[in-house]
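Chains as they are written, first to last, in this note's numbering: chain A, 4 to 377; chain B, 1236 to 1457.
Bear in mind the hints are in silico, worked out from the structure with no lab data behind them. Remember, it's a predicted structure, so these values are computed and weren't measured experimentally. Note that beta-carbon positions come from the ideal geometry of N, C-alpha and C, so glycine has one too. Careful, some of the hints might be misleading.
Distance windows between CB atoms, simulated [unchecked claim]:
| id | chain 1 | residue 1 | chain 2 | residue 2 | range |
| --- | --- | --- | --- | --- | --- |
| 1 | B | Met1276 | A | Asp101 | 24 to 34 Å |
| 2 | B | Arg1305 | A | Gln100 | 54 to 64 Å |
| 3 | B | Lys1453 | A | Asp189 | 21 to 31 Å |
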Amino acid sequence: MKERGYESGSLQIQMKKKLRDFTLDVSFATQRNSGQGDGCVGILGASGCGKSMLLKSIAGIEEPDEGRICLNGKVLYDGKQRINLPPQKRRVGYLFQDYALFPNMTVKENISAGLKTGIYKKKKSLSSDEIKERVMGLVHWFHLKGLENQYPNHLSGGQKQRVALARILCYEPEVILLDEPFSAMDAHLKEQLRMEVMRVIKEYPGEAVLVTHDRDEAYQLCDRLILMDRGEIIGQGKTRDLFQNPGTVQAASITGCKNISEIRRINGHRVFALDWNVELEVEREVDDSVTHIGVRAHDLIPLSSADEISGKHENVVDLGKATVCEMPFEWYVTLENGLWWKLGKQAGEYAHVLTLPKAVRIPRDVVLLLKERE
Amino acid sequence: MDWSPIWISLKTASAAIAITFVLGLLAAWGVIRIRNRKIRMIFDGILTLPMVLPPTVAGFFLLYLLGVKRPIGQFFIEYFGVKIAFSWQATVIAAVVISFPLMYRAARGAFEQVDQNLVHAARTLGMGEIQIFFRVLLPNAVPGIVSGGVLAFARGLGEFGATAMIAGNIAGKTRTLPLAVYSEVAAGHMDTAWNYVWVMIVIAFLAVLLMNMAGNRKNRWE
C-alpha cells in the first residue's frame, strides 16, 4: 500500500480508537514547506475532543485500535500488518504539558538524557566531547547559561519549558509534538513562552504539530489548522482561511465565533437571522445549503452619526437594552437580541465608562456563511 | 545468657532483606509493566498471598515443597548435597517469603507514584526500559522503596511461624530471637526471655527511626 501525493518529509495518519464517549477517527497528512520558516500544524479543539490521544498515538504512548501512521516514509503503526513501533524507535519529540523533566537530573543531564542511548548507541556513538558540545550549544541557544547544574525543581516555569525544548532538540527527532504547552501557565508568562516556542518551530527543520484548545495560540503559531470535535476532524486548511471562512457551525464555534444564528434564505444575498430577528445583506452568495450565519463579536461597528445622515442603514441592529461588561482592555456588550459585541478600549482610555451608540452595523462582508454538519 | 539467637536473627534478617529487596523491586517492576488489568491483578494477588496467609500456613507450604522427602527438597539433596529443611538457610527462606510482599507492595506503590509522563518522556527520548528503570523509576521512588525495605527487614527479623515450620527451633542453629523468646517462656525462664524482648524492642525501634528518617530525607534535587 503506497500513498500518493505526499513526499517523504511528512506525517501521515489514519487511525481509529474507541474512547469512553466517542470514537477517535481521524485521517490527515501534513507536509511542511521546507526552508520557508513557516509555523507548525495545529490541532484545535475543545478539551476532551481526543486531540491529546491523537498526539500520544503518534508518539507511541497509546496504541490505536486500527489504522496506519507513517512518518517520513517509515511506518510507525499499522494495524493490519501488526506493526507498532515502541516510542524509542519513533524519533518523535514530545513536549508534555508539565514538561516531564527528570527531577533527579540536572539541566545538563536532562538535555542529554536521550543521547547516550537507543539509536545513538547502535549507529554512531557520540563521543562525550560531542555530547558536551551539543548540550552546551543548546544551553546557550535557550539562554540557560549558569543553570546547567541546577535541578528542575529550582527552575521557573519558563526555564523548565526551555530545558524541555532543548532536551527534545538535542535528540534530533523527526517530528515535534507539542501537547497544550501553555495551558498550565500564568497569563503573563504565556506570551513570552509562545514566542520562545515560535522561535524553535521556525528554526527546526522537521515537522511540528501543536495541540491546543486556545484559538489565539493556534492562530499565532500555526500555518495550517485541523479542527477537531468529538474525535472527528471537522475542518482543515490554512489558518487564515479557516478563521475567515470556517464553513460549518462547529468550525465557526471552535475558531471562536461568538454569534451564530440559524437563517431563512430570502435571496442570493439576503437572509433573515432567526435567532437575532434581523434581516441582513451578505456579500457572499447564499445558496440553499447555507443554514446558519456567523458574525465575530469584534466585527460589529457602531453606527456613526455620519452613517445615520447618509442614510446608510444596511444591516443595522439596535442595541436595545444592552448589557455591558468591562474587561481590562475591551468591552463586552450583549445586545438585547443576543448578539455579542466586543470593542477594544482606546489606548489611555481611563474613563471606565462606555458611551453606547444607539445601534451597530454588521458590514455585509464580515458575515460568515455556515452549514450544519451532518 | 545465650547470645546465639541475636546473631542468628541478625544474620538471617540481613541475608533475607538482601534477597527480598532485589526480588521485591523486580516483581514490582514486572507487575506494573503488565498491561492487562486482570492478569496484573492475578499476579498481584499471588505475590501478596504470603502476607495475608497465617505464617504457619506459609511455612506448611514451604515444608511441603522443600521437605526432605519432597521433590524439590530431594532434588537439592541429590544434586547439591544440601538439606534445606531445618537448616539455617531455611530461616532465610522463611523470612524472605514472609517479608517479600511488604517489599513488593511498597516498591509497587512507589513506582506507581512516579509521574507516568516521566516514563513516557524517557521512552520518546529513546531510553531503553532497563535504563528507564535505573535512571528514572528507581531514583524517583527512593523514599517509598527505602521505607518498604526497612519494614520488610523488621518483618523478617520478627518472623516466627513459618520459621518454626520449615527451620524448626534448633538452638545455636535455627533458633532466632522470636523463637528464643517463645522457648524461654515455655521453659519458665522469664528473665532470659526479658533480655531477648529488650533486644527485640531496641532493634524494632531503630528500624522505625530509620524508616522515618528515610521518609523525611530530602533528595539533593529537592
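Going down the list of hints, with the structure as the test:
Our hint of 24 to 34 Å for Met1276(B) and Asp101(A) holds, since their Cβ atoms are close to 29 Å apart. For Arg1305(B) and Gln100(A), the Cβ-Cβ distance of about 56 Å falls inside the hinted range of 54 to 64 Å, so the restraint holds. About 27 Å separates the C-beta atoms of Lys1453(B) and Asp189(A), a value consistent with the hinted range of 21 to 31 Å.
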